[in-house]
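Q: These are the residues of each chain, in order.
There are 2 protein chains.
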Amino acid sequence: MSLQEGHPLDEIFHPRSIAIVGASASQQVGGWVSRLLNFGYTGRLYPVNPKATEISGLKAYPTVRDIPDPVDYAIFNIPARLAPQIMEDCVAKGVKAAHIFTAGFSETGKEEARELEAQTAAIARDGGVRVIGPNCMGVYYPAAGLTFNPAFSKEAGNVAFIAQTGAGTIRFVYLANDRGIHFSKVISYGNAIDLDAPDFLEYLASDDETEIVTGYIEGVKDGRRFLEAVRKCLMTKPVIILKAGLTESGAGAAASHTAALAGSESVWDAFFKQTGAIRVDTIEEMADVLLTLLRMPCPSGRRVGIVGRGGGIGVIATDTCERAGLKVPPFLAETRRQLEEIIPEAGAGARNPVETTLGMIGAADFYARGLNIVDADPQIDFILTHIAVDIYGGRQPYLQEQVVMAVEVLSNTAQTLTKPVAVVLSAGEYVESVTAVLEARQRLLKAGIPVYPTIKAAASAISKLIEYHEFATT
Amino acid sequence: MSLQEGHPLDEIFHPRSIAIVGASASQQVGGWVSRLLNFGYTGRLYPVNPKATEISGLKAYPTVRDIPDPVDYAIFNIPARLAPQIMEDCVAKGVKAAHIFTAGFSETGKEEARELEAQTAAIARDGGVRVIGPNCMGVYYPAAGLTFNPAFSKEAGNVAFIAQTGAGTIRFVYLANDRGIHFSKVISYGNAIDLDAPDFLEYLASDDETEIVTGYIEGVKDGRRFLEAVRKCLMTKPVIILKAGLTESGAGAAASHTAALAGSESVWDAFFKQTGAIRVDTIEEMADVLLTLLRMPCPSGRRVGIVGRGGGIGVIATDTCERAGLKVPPFLAETRRQLEEIIPEAGAGARNPVETTLGMIGAADFYARGLNIVDADPQIDFILTHIAVDIYGGRQPYLQEQVVMAVEVLSNTAQTLTKPVAVVLSAGEYVESVTAVLEARQRLLKAGIPVYPTIKAAASAISKLIEYHEFATT
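One line per chain: the protein sequences are L and Y, in this order. Following the numbering used here, the numbering of the first sequence begins with 525 at its first residue and continues without gaps. Following the numbering used here, the numbering of the second sequence begins with 525 at its first residue and continues without gaps.
These aren't lab readings, by the way, just hints derived from the structure by calculation. Among the clues, some could well be false.
Note that identical chains are pooled: a pair holds if it fits in a single copy or bridges any two copies.
As the list claims (entries may be wrong) - Straight-line alpha carbon distances no greater than 30 Å define the calculated DSSO-like cross-link-like pairs of lysine-lysine that follow:
#1 Lys-745 <-> Lys-851
#2 Lys-851 <-> Lys-797
#3 Lys-634 <-> Lys-970
#4 Lys-678 <-> Lys-970
Turn these sequences into a full structure, and let the hints steer you where they fit.
A: Here you go:
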């Protein structure tokens with residue numbers, strides 16, 4: 525575990541003891557106590573519940589004040605109206621940091637809820653308790669066995685995520701985990717009455733467990749500090765940001781979600797241009813861009829060689845790549861000559877895209893040779909290969925074998941390529957092809973090859989990778 | 525079967541007899557003869573192959589001329605160099621129309637191949653044989669048992685598709701079939717040396733089996749005629765067009781695919797604006813827009829009520845809808861009051877989007893009531909409901925039941941709604957959630973409810989539906 529001693533976040537990531545205030549007395553699945561126990565947290569856990577004497581095998585206490593030992597961190601799982609009183613208890617106990625899971629504060633837009641929040645914040649501030657939340661999921665830090673979701677990977681990784689969204693965080697972690705990506709630190713921080721994006725970003729900039737910073741931001745209270753914190757991160761690691769609430773109605777939705785002031789599109793346009801932070805619009809796109817940063821060496825330029833399906837699918841792929849800011853130049857004459865040697869006449873072109881008749885039985889060898897020929901073309905900076913499982917496997921009984929064969933050839937051939945390669949696996953929407961694709965995807969990801977669900981997703985993510993490196997080197 | 529007697533396409537859709545020239549003598553899966561027999565073609569079939577005496581139980585003939593009976597339609601499954609000679613045979617035999625499946629003509633860019641194509645075209649023209657192709661898959665007309673792919677649905681429907689792509693046609697038909705959509709007529713017509721888009725469109729404009737026309741177009745030889753044919757269709761039915769090859773490299777790829785002249789982006793922009801044809805960029809988008817036209821009554825306006833996941837996912841959904849040209853206005857105060865009655869405090873907003881706690885066990889009733897409350901809001905023109913199977917089911921053991929429950933509630937509730945409703949099912953990327961979603965999707969589609977994979981796909985498709993109706997009524 526990395527430590528930044530004295531930093532308020534250090535107590536949050538490395539608590540020696542945690543009080544769960546409002547620990548559920550029933551043995552329901554997913555209670556905070558059992559969740560932390562099962563996830564591998566090895567510090568001391570103190571359930572707090574005036575109506576229970578024991579929870580998940582641990583002694584329960586009526587209040588935080590009654591816990592006999594020091595408490596580093598408290599999780600508030602109580603109705604909003606009790607928050608000020610619990611915070612008083614935390615101050616009295618000397619708790620260093622609190623995560624207020626509870627919602628029902630300023631995000632409701634109601635005056636009394638806003639006051640409740642301000643009151644709680646004031647007690648914490650005056651009493652020296654740092655706060656995450658309210659209205660948020662809190663911390664997922666697998667290295668210390670901290671989580672709010674039992675289904676997240678227990679494996680620690682090198683990606684940090686900060687977010688004003690709980691469900692969005694769950695979606696993102698799942699998408700990343702399913703891409704073989706693991707996390708250093710994840711913080712869902714909701715209304716941010718104390719600790720806010722700049723605090724987390726400053727910490728992550730110096731965090732040697734974190735190599736990429738990702739974030740979902742609704743509003744920023746101190747724009748200058750946020751900008752500087754992002755810049756500080758960007759000096760040593762890429763930053764991907766999904767700025768939500770940029771449309772008129774989106775800003776209203778953000779206000780109702782975390783009481784955030786969303787800011788205008790033009791301000792944020794300028795922010796992305798000035799800092800070089802990578803901009804994404806959806807959680808799915810963030811997962812694709814993250815995968816690209818982690819698994820694809822940056823190509824030396826924007827010229828892509830498309831190998832796989834040609835024909836109309838290839839024309840659409842070409843348009844899609846160009847619209848994403850890539851180039852699809854014709855191969856050199858010599859490359860085309862070599863490709864024409866291995867491609868039968870039927871429906872194939874060797875201009876770029878090239879259809880290597882992938883999918884006909886026995887064509888796997890042509891596919892491998894096609895990849896190597898395109899790799900050698902100096903006109904090309906990287907390869908995008910499209911395995912159209914939905915089409916070429918068709919609904920044939922040999923679908924599964926074909927996909928396995930193509931993936932095997934691809935995994936082996938990728939080792940011999942001199943240029944970066946990315947793979948699109950088109951699944952279609954029927955169970956057999958979708959499950960074949962999910963399995964093939966895992967094999968490729970394990971071989972270190974980035975895989976995308978569509979040409980559009982791949983082209984956009986790769987374009988952003990190149991843009992990031994262009995910015996970083998100028 | 526509908527007939528347009530005397531129209532050259534009538535012979536193609538209703539052939540009393542078909543010669544398969546170059547019928548495969550081996551009993552390989554997917555040969556033209558067995559494919560047509562298995563698909564239900566009930567006319568006479570004549571395999572032509574000088575090296576065989578019998579194919580799939582039918583007597584084989586050395587040449588078309590040797591067939592004793594009249595032949596309406598011939599499919600050329602022979603090397604390109606033989607095409608002129610076979611066409612001579614067809615002329616001599618009085619064949620009315622031919623589908624040249626074979627590739628290796630002008631799309632290769634080679635002079636001798638271009639000459640071969642011109643020669644074949646001239647023989648056909650002088651001899652009165654109409655031609656589909658070359659370099660194409662030909663006709664899929666389930667009502668007459670005609671197909672080029674054995675896995676296509678045998679059920680006839682009301683959608684026509686014309687395309688200069690074979691693999692793209694397979695992808696599109698699969699996507700449509702998997703959405704419960706079936707076809708009237710599909711024509712993959714490749715290089716179009718004779719019959720071209722305007723011929724097919726003119727026919728489809730008067731075809732009473734066809735209620736929606738869709739097309740993938742690379743190039744158009746006679747722009748004026750194409751425009752008029754699209755207009756003729758649009759007088760009675762929607763037309764969705766994917767115009768491929770609009771970027772610089774895309775145009776090059778199209779030339780190499782079907783020798784098409786792709787035309788400039790500005791000309792096509794004007795075409796879409798003038799005609800009111802619906803523009804799409806990918807095959808997947810075409811399937812989503814088609815589904816919307818077929819399954820969603822046009823909303824009376826662009827104001828969407830988003831029901832399902834709120835929070836950050838809701839903010840992103842709001843931005844996505846607005847960017848697609850929809851509006852996400854706040855609900856009326858009365859609507860919000862009613863929603864607040866059924867929504868527990870935790871993390872929920874009732875502004876729009878509204879989070880109906882869908883996904884917590886027992887929340888299905890709230891979900892149904894939430895849909896009804898939003899439906900009654902006069903500020904809202906239609907409902908988009910988001911079932912985030914990837915998040916709310918999590919990786920819980922009860923995922924499957926939850927999804928089934930939500931879908932059941934939704935199917936029943938949809939009957940009681942006064943406004944159009946669309947559903948987004950987020951699958952995530954792990955096998956359990958993906959298979960649960962595919963199954964849930966089928967149930968909803970069977971209940972007549974349109975389902976989309978992402979908010980973006982839904983918002984864009986619905987926006988295009990509204991745009992089409994706005995154009996049609998002005």
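Q: Does each hint fit the structure? Answer for all of them.
A: Cross-check of the supplied hints:
no.	hint	result
1	Lys-745 <-> Lys-851	between (40 Å within a copy, 27 Å between copies)
2	Lys-851 <-> Lys-797	both (22 Å within a copy, 28 Å between copies)
3	Lys-634 <-> Lys-970	neither (50 Å within a copy, 43 Å between copies)
4	Lys-678 <-> Lys-970	within (18 Å within a copy, 40 Å between copies)
Checked against the numbered hints above, the structure violates only hint 3.
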